[in-house]
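**Q** Mind docking chain G on chain C? Use the hints.
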Amino acid sequence: MDESLIVSLKDIVVDFDGERVLNGLSLDIHDKEFVTFLGPSGCGKTTTLRVIAGFITPQSGSVLFDGKDITGLPPYKRQVNTVFQKYALFPHLNVFENVAFGLRLKKMPEEQLRPKVLEMLEIVGLKGFERRGIHQLSGGQQQRVAIARSLVNQPRVLLLDEPLGALDLKLRKEMQLELKRLQRELNITFVYVTHDQEEALTMSDTVVVMNKGNIQQIGSPQDIYNEPQNAFIANFIGDSNIVDGIMVKDFLVSFCGHDFSCVDRGFAYNEPVQVVVRPEDVAIVPPSTGMLTGLVRDVIFKGVHFEMHVDVEGKEWLIHSTQASQPGEIIGMNIGPDEIHIMSREGV
Amino acid sequence: MLRSKTSRWAAAPYLLWMAIFIVVPLFIVIWYALTDASGAFTLQNLAEIGRYSSVFARSLLLAAEATVICLVLGFPVGYFLSRLRANKQHIMLMLIMLPMWMNFLLRTYAWMTLLEKNGLINKLLGLFGIGPLNMINTAGAVVLGMVYNYLPYMILPLYTAMTKIDDSIIEAAQDLGCNTFRTLTRVLIPLAKPGIATGITMVFVPAVSTFIISRMLGGGSNLLIGDLIELQFLGNSYNLNLGSAMSLALMVIVLLCMSFTSSFDEEEMEGVM
Numbered sequence: 001m002d003e004s005l006i007v008s009l010k011d012i013v014v015d016f017d018g019e020r021v022l023n024g025l026s027l028d029i030h031d032k033e034f035v036t037f038l039g040p041s042g043c044g045k046t047t048t049l050r051v052i053a054g055f056i057t058p059q060s061g062s063v064l065f066d067g068k069d070i071t072g073l074p075p076y077k078r079q080v081n082t083v084f085q086k087y088a089l090f091p092h093l094n095v096f097e098n099v100a101f102g103l104r105l106k107k108m109p110e111e112q113l114r115p116k117v118l119e120m121l122e123i124v125g126l127k128g129f130e131r132r133g134i135h136q137l138s139g140g141q142q143q144r145v146a147i148a149r150s151l152v153n154q155p156r157v158l159l160l161d162e163p164l165g166a167l168d169l170k171l172r173k174e175m176q177l178e179l180k181r182l183q184r185e186l187n188i189t190f191v192y193v194t195h196d197q198e199e200a201l202t203m204s205d206t207v208v209v210m211n212k213g214n215i216q217q218i219g220s221p222q223d224i225y226n227e228p229q230n231a232f233i234a235n236f237i238g239d240s241n242i243v244d245g246i247m248v249k250d251f252l253v254s255f256c257g258h259d260f261s262c263v264d265r266g267f268a269y270n271e272p273v274q275v276v277v278r279p280e281d282v283a284i285v286p287p288s289t290g291m292l293t294g295l296v297r298d299v300i301f302k303g304v305h306f307e308m309h310v311d312v313e314g315k316e317w318l319i320h321s322t323q324a325s326q327p328g329e330i331i332g333m334n335i336g337p338d339e340i341h342i343m344s345r346e347g348v
Numbered sequence: 001m002l003r004s005k006t007s008r009w010a011a012a013p014y015l016l017w018m019a020i021f022i023v024v025p026l027f028i029v030i031w032y033a034l035t036d037a038s039g040a041f042t043l044q045n046l047a048e049i050g051r052y053s054s055v056f057a058r059s060l061l062l063a064a065e066a067t068v069i070c071l072v073l074g075f076p077v078g079y080f081l082s083r084l085r086a087n088k089q090h091i092m093l094m095l096i097m098l099p100m101w102m103n104f105l106l107r108t109y110a111w112m113t114l115l116e117k118n119g120l121i122n123k124l125l126g127l128f129g130i131g132p133l134n135m136i137n138t139a140g141a142v143v144l145g146m147v148y149n150y151l152p153y154m155i156l157p158l159y160t161a162m163t164k165i166d167d168s169i170i171e172a173a174q175d176l177g178c179n180t181f182r183t184l185t186r187v188l189i190p191l192a193k194p195g196i197a198t199g200i201t202m203v204f205v206p207a208v209s210t211f212i213i214s215r216m217l218g219g220g221s222n223l224l225i226g227d228l229i230e231l232q233f234l235g236n237s238y239n240l241n242l243g244s245a246m247s248l249a250l251m252v253i254v255l256l257c258m259s260f261t262s263s264f265d266e267e268e269m270e271g272v273m
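The listed protein sequences derive, respectively, from chains C and G. Each residue of the first sequence is one higher than the last, beginning at 1 in the numbering used here. Each residue of the second sequence is one higher than the last, beginning at 1 in the numbering used here.
Since the hints were made in silico from the structure, they are not lab data. Owing to the predicted nature of the structure, the values given are computational and were not obtained by experimental measurement. Check before you lean on any hint, since a few could be wrong.
Stated by the list, open to error - The calculated label-pair distances, taken between Cβ atoms and stated as ranges, are:
| # | chain 1 | residue 1 | chain 2 | residue 2 | range |
| --- | --- | --- | --- | --- | --- |
| 1 | C | Lys170 | G | Ser259 | 27 to 33 Å |
| 2 | C | Gln136 | G | Glu116 | 58 to 64 Å |
| 3 | G | Pro76 | C | Glu110 | 31 to 37 Å |
| 4 | C | Glu110 | G | Leu95 | 45 to 51 Å |
| 5 | C | Thr57 | G | Leu127 | 41 to 47 Å |
| 6 | G | Ser259 | C | Leu169 | 45 to 51 Å |
| 7 | G | Val24 | C | His135 | 41 to 47 Å |
| 8 | C | Ser41 | G | Thr180 | 56 to 62 Å |
| 9 | G | Pro76 | C | Pro109 | 32 to 38 Å |
Virtual Cβ for every residue (Gly too), placed ideally from N, Cα, C.
Here chain C stands alone, though its shape is the one from the complex (with noise of 0.2 Å):
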């Protein structure tokens, strides 16, 4: 068995009144890491860190955790610790017996509780706010207490359930690096559920990219980006332009009635492919020079950069760009062989 797995869900099936949210998912996580469950609503991420955590028990497969299976094992008889999407702090306690909770019910003498529950709240930035009500407190920081309250009882496993879903874009920014911190600092393993793409690249050491009950792919951010294995994962993972073409051979593929030289190999010799070019990578040119030539339809200011709509040929194409064309203009494209990713059909 290898050493740094900690958490393993084998056939993992989970029925909602009929419905199936889970089907047959397998997963392997490593200790240590920060792994992110990433896809739609409904895909079954949160259900996924629920089945971990013990709140739902799955119709059949099994759950080991440290190599032991944890199958039927009550959630308060498991070494992990949820962060609830709304953070679900105790209304009757204050924040020092919030974060407090889980030592008490361990019975730790207080002489050693107080320390412990005061240096967490130094660590999640909220020294000083041990007397103050729960509802004294905004948002970020009873997200703060919330994460205080987990990780005070050291936990091997961290859960987090979309847990910076009400804070606004700049809080969000922040929590995000400072979770990453927390996960360095803390050394264990963060599992985390979101569906917001960004998110899940800034922080994870590994993506687990769901739909519709079941994973899609999984890999390191950048995998996920550069190398998505189907149109599914290239459409939500960041904007796409997916066209279809044929590989004609080793490292020339034809699409849009061109042929462009890329880096990919290994299909079939006029192998049916979908093409997967991102917005930021197509380069404009004058038509004269370019490999493709298009008509700007629209072009929108998005403070970076403009956002194009490019019509080649009956397709609508996206392209970011720093320098702006105008509607109506014919402009050339060009699009170098590492900007190219193919896909072969049969992942659709």
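**A** Only chain G this time, still in chain C's reference frame:
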């Protein structure tokens, strides 16, 4: 500003009603309690209550028993209801309220025929060779009547308080190491406190002052304060002054009980009802 002024006027009819039918009668009761038959001031009536201390004690005891039983029965029901889906909650609530659509006296009469020596329950037990048991005209029958009649008043506030407890809070408790019992004592009961306080008041107060239930199910041997007061006003021992003094004493007991429950649950009380 305008709104608060309008709403003040909207409350005026009830304020008037309260003044005429609650405040004024209250002063009349106090007046009677502190005077004798000729209208002269006296503390004799209040002193005389001491003779009936056993009745007061029995009333408090039986009402307390009924309240505790209602709480123990009502808590799980309230929790169960609060966890149901909204549409099922409405149906279940209606079923709980259903007995209240029937007249209070009728319901209590029904229990008489059930509990009688030759009643339904004894006949049923007789088939198995048990009994007949002596159930009617006992303190137990009175408590049963109280529990039966006032249980919905316990369930409703408990249910209301517990609908405010999000599932994730219960899950958080389990996640942090609470088994079922600890979840109950550390999280559910503390959070349901406002409902518990309201429920206790709403069951104990009518139970301690009831006279119908004790008369119908308790026979002559289980006289309660309510019966005693009724006897002074409508019964043989006709004595308005003593009856008023007893009413006053009962009121003090009720007020003490209510201030006790609300002090046990100070700032959380608002927002419950």
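**Q** Provide an ascending list of the numbers of those earlier hints which the structure does not satisfy.
**A** 1, 8
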